[in-house]
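Peer 1: Chain residues, written in single-letter form:
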Amino acid sequence: MKNNNSQKNQKLRNDIILAVIIILIAAVGLLLFVMNKEEGSTVSVKIDGTQIVSYSLSENIEIPIKTGDNDEHINILVIKDGKASISEADCPDKICVQTRAVSYVGETVVCLPHKLVIEITNENTDGGLDVAV
Amino acid sequence: MNQKIRKYAVLGLVTAVALVLSYVEAILPPIWPAVPGIKIGLPNIIIIFILYKTGLKDAITVSAIRLFLVALLFGNAMTLIYSTAGAVLSLGLMAICKKLDLFSMVGVSIVGGVAHNLGQILVAMALFETSQIGYYMIVLAITGTIAGVFVGIAASVILKRFEKTKI
Numbered sequence: 144m145k146n147n148n149s150q151k152n153q154k155l156r157n158d159i160i161l162a163v164i165i166i167l168i169a170a171v172g173l174l175l176f177v178m179n180k181e182e183g184s185t186v187s188v189k190i191d192g193t194q195i196v197s198y199s200l201s202e203n204i205e206i207p208i209k210t211g212d213n214d215e216h217i218n219i220l221v222i223k224d225g226k227a228s229i230s231e232a233d234c235p236d237k238i239c240v241q242t243r244a245v246s247y248v249g250e251t252v253v254c255l256p257h258k259l260v261i262e263i264t265n266e267n268t269d270g271g272l273d274v275a276v
Numbered sequence: 019m020n021q022k023i024r025k026y027a028v029l030g031l032v033t034a035v036a037l038v039l040s041y042v043e044a045i046l047p048p049i050w051p052a053v054p055g056i057k058i059g060l061p062n063i064i065i066i067f068i069l070y071k072t073g074l075k076d077a078i079t080v081s082a083i084r085l086f087l088v089a090l091l092f093g094n095a096m097t098l099i100y101s102t103a104g105a106v107l108s109l110g111l112m113a114i115c116k117k118l119d120l121f122s123m124v125g126v127s128i129v130g131g132v133a134h135n136l137g138q139i140l141v142a143m144a145l146f147e148t149s150q151i152g153y154y155m156i157v158l159a160i161t162g163t164i165a166g167v168f169v170g171i172a173a174s175v176i177l178k179r180f181e182k183t184k185i
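Each protein sequence line maps, in turn, to chains H and C. The first sequence begins at 144 in this note's numbering and counts up by one. The second sequence begins at 19 in this note's numbering and counts up by one.
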């Protein structure tokens with residue numbers, strides 16, 4: 144019985160060590176992420192892995208993006224005050240609409256059902272690259 | 019023979035419970051809407067319970083049937099890919115951890131919770147060909163750990179209640 148109890152304590156200790164290690168790794172990741180945070184200048188629109196178009200974050204616009212295999216779906220991208228978000232979508236889960244507005248390089252808004260990724264980047268917009276429609 | 023029938027009946031019953039828990043989780047409001055994907059992982063209570071009560075083979079069966087039915091009822095082919103990736107990695111690592119006998123059910127459940135998130139993130143990274151979604155894992159690792167603690171406690175309480183019941 145005593146042996147059983149010490150085994151239990153040992154396992155509990157291992158549980159706690161496991162949880163602490165996971166949280167430590169996450170904390171280090173978070174630290175790296177926060178340190179590397181920089182304001183982006185452009186937002187790139189990717190559908191199914193391929194970049195479709197990119198917009199400058201400096202203007203305030205609303206762009207409907209056709210998604211889905213036959214362009215039958217829609218996500219509305221809003222750029223406002225240097226932040227990008229999706230204001231409306233006809234996807235079933237609406238997770239992309241609920242996701243907060245993004246502005247730092249590497250941040251994304253993802254719409255899984257429509258295979259759409261909106262990603263903040265820092266393209267050097269030298270001249271013609273700034274494709275605002 | 020009678021025992022076999024009894025076992026199948028019980029497995030069917032727990033699969034139904036797991037399915038209901040999936041539904042409950044689906045209709046719960048998002049815990050933190052800004053970061054999608056945070057879940058408690060209620061069905062995992064059942065999966066861990068079966069893993070400890072009757073073994074890996076039955077846990078795989080229950081998990082697979084649950085995945086298929088959830089996709090059929092509330093999801094689609096796309097969500098099936100994600101949930102399968104999460105479930106395979108989660109159940110696989112949980113089974114290994116149980117075999118290693120290093121952790122209690124709570125520890126095993128933490129591994130399962132974090133692994134489930136990791137599996138889904140890996141699939142999303144592969145499908146979208148972008149590694150940037152990876153930073154979600156920072157948040158999901160923490161929430162997965164907390165959720166894993168609760169799921170593990172719930173599963174061990176249930177296991178204790180059914181200690182004398184033979185399946």
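Mixed in with the good hints there might be a few duds.
Partial list, derived from the structure: chain H residues whose beta carbon lies under 8 Å from chain C [unchecked claim]: (1) 154; (2) 188; (3) 194; (4) 195; (5) 198; (6) 211; (7) 212; (8) 219; (9) 241; (10) 253.
FYI, nobody ran anything at the bench for these hints, they're computed from the structure. Just so it is clear, CB atoms sit at the ideal spot from N, CA and C, and this is done for glycine as well.
Peer 1: State for each hint whether it applies.
Peer 2: Verification of the hints:
Because the smallest distance between the Cβ of residue 154 of chain H and any Cβ of chain C comes to about 4 Å, under 8 Å, the interface hint for this residue holds. Because the smallest distance between the Cβ of residue 188 of chain H and any Cβ of chain C comes to about 12 Å, over 8 Å, the interface hint for this residue is violated. Annotation: interface hint on residue 194 of chain H violated; nearest CB of chain C at approximately 10 Å, more than 8 Å. The interface hint given for residue 195 of chain H is broken, as the beta carbon of that residue sits about 13 Å from the closest beta carbon of chain C, more than 8 Å.
The beta carbon of residue 198 of chain H comes no nearer than 17 Å to any beta carbon in chain C, farther than 8 Å, and the hint placing it at the interface is violated. A cut of 8 Å between beta carbons decides the hint on residue 211 of chain H: the least distance to chain C is about 12 Å, and the hint is violated. Of the supplied interface hints, the one on residue 212 of chain H is violated, with its beta-carbon coming no nearer than about 12 Å to a beta-carbon of chain C, more than 8 Å. For residue 219 of chain H, the suggested interface contact is broken, since its CB lies about 18 Å from the closest CB of chain C, more than 8 Å.
The restraint placing residue 241 of chain H at the interface with chain C holds, with a minimum CB-CB distance near 4 Å, inside the 8 Å limit. Hint status for residue 253 of chain H: holds, given a least beta-carbon distance of 7 Å to chain C, under 8 Å.
When held up to the earlier numbered hints, the structure conflicts with 2, 3, 4, 5, 6, 7, 8 and fits the remainder.
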